[in-house]
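Here are the chains, one letter per residue:
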Amino acid sequence: MFFSDDILRLEAIEHRYGARVVLRVPELAIRPGEIFAVVGPSGAGKSTLLRLMNFLEKPTRGRVIYHGRAWTPGSLPIALRRKMTTVFQQPLLLNASVARNVAYGLRVRGARNGKSDIRQALEEVRLAHLAEQSAQTLSGGEAQRVSLARALVLNPELLFLDEPTANLDPGNVKLIEEIVRRANQERGATVVLVTHNVWQARRLAHRVALLYEGEIIETAPTRDFFEHPQDPRTRAFLSGDLVY
Amino acid sequence: MSAFLEGFLQAIQLIASFDPDLMEIVRLSLLVSGSALVISAALGLPAGIALGLKDFRGKRLLVALVYTGMGLPPVVVGLTIYILLSRQGPLGELGWLFTPRAMVITQTILALPLIIGFTMTAIAAAPPALSLQLRSLGATQRQIVFTLLYEARAGVLAALIAGFGAIISEVGSVMIVGGNIEHKTRVLTTSIVLETRRGNFALAIALGVILLAITFSANWLLLHLQGRLDPRQ
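Protein chains in written order, with the working numbering: chain D, 1 to 244; chain E, 245 to 477.
None of these hints come from the bench; they were simulated from the model.
Short derived list, chain E residues pointing at chain D, Cβ under 10 Å:
id	residue
1	371
2	373
3	376
4	377
5	379
6	380
7	381
8	382
9	383
10	384
11	388
12	394
13	395
14	397
15	398
Using 25 Å as the maximum straight-line C-alpha spacing, the simulated PhoX-like pairs for lysine-lysine come out as follows:
id	chain 1	residue 1	chain 2	residue 2
16	D	83	D	115
17	D	83	D	58
18	D	58	E	303
19	E	298	D	58
Note that the Cβ used here is the ideal one computed from N, Cα and C, for glycine as well.
Here chain D stands alone, though its shape is the one from the complex (with noise of 0.2 Å):
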């Protein structure tokens, strides 16, 4: 079901690479101000609908929705664009300070006096001390809380995350979840998910979805999703018993 205060609408899409369809999601809604998760096995389509909802990538059918409007890649205003960001699995630090590298986005919107606004997002991330430090001598989980902080000094209205924690020490998970969490409470901004880990969405999120081969599978409320699994397929990948 759709609200008028949706964030973001995705409305019969249909994506493929070549003939084979990679997603298929007659409509999903993100509502302000919460963090939705999705969830799935590895291959599930998660990152792709993430491009889709990130206007990174044109669906081949269907619509996304955004401040009311369809758009796509190509015709999303700059201005809009700005007010989303996403963190990849892979930080993608460019090749320059810690500092340099969370400044990249306000430099690019022309922003000159974003010094504070940097320090309080390293410190967010508690990585003030390697401000002046080349991001490419930083561990996994330090690049990956700095491309955060690249992420949180813009504001963004909305926060695509994917799999922000894979692959990285239990301690930077705890510290990520918290700064996820900061992001939505204390920044307001609205945050997408995705993760192949059950327990981060049961963690953060207020909404999980669960998608398989392509299709949302159900979308509940986390303590519903988790308690009440209305389909079979989410109780199975719940318990581990989901053959992919």
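Let chain D serve as the given structure and place chain E on it in line with the hints.
Below, chain E alone, put in the same frame as chain D:
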């Protein structure tokens, strides 16, 4: 062995005395190769970026042509330009044969595939998702291209070094289209050939030492720039 020593000493003498003939030859060498480098960079960098970033029909063929161009025999390029610019040729009316302009054209053609090829490889080496990440951070297409170019700066500088090194030391094509005319089209490499033929080995070696010194200085400058642009150094 004494010819080498004599040549080296003569090189120092020539440089120290600011010999006007030598300065003219050095100036023309730098002007011709510098102009060719600037033109080939202006054309080659955007082409290399486009080839590194975009997938399109016929790209494989184009890349194969670029790689072939990286090994173009200079004398063949010189001969082709000679025929085009000769009085009977389609561009004969320009009157550019045996002028520095003709030399710039041949050197541009020689440097262009090197700059395209090296730039393409450097840009393509960036993670494919980096463009998406930059777009997602709010960068425009133009900002993405400049960021990728900056990320690939080591490879881009290598492209410029390779291009400059290939043309400053090249002799076959500039000899054909320039004609090695004194005070007009004589450059370091053609002077070396001339002095060798005359039996002035010491002077030829002296000119060779100066050519090497110029190439070394240019490369040193570019490497220094590369180091300054690298936050790890």
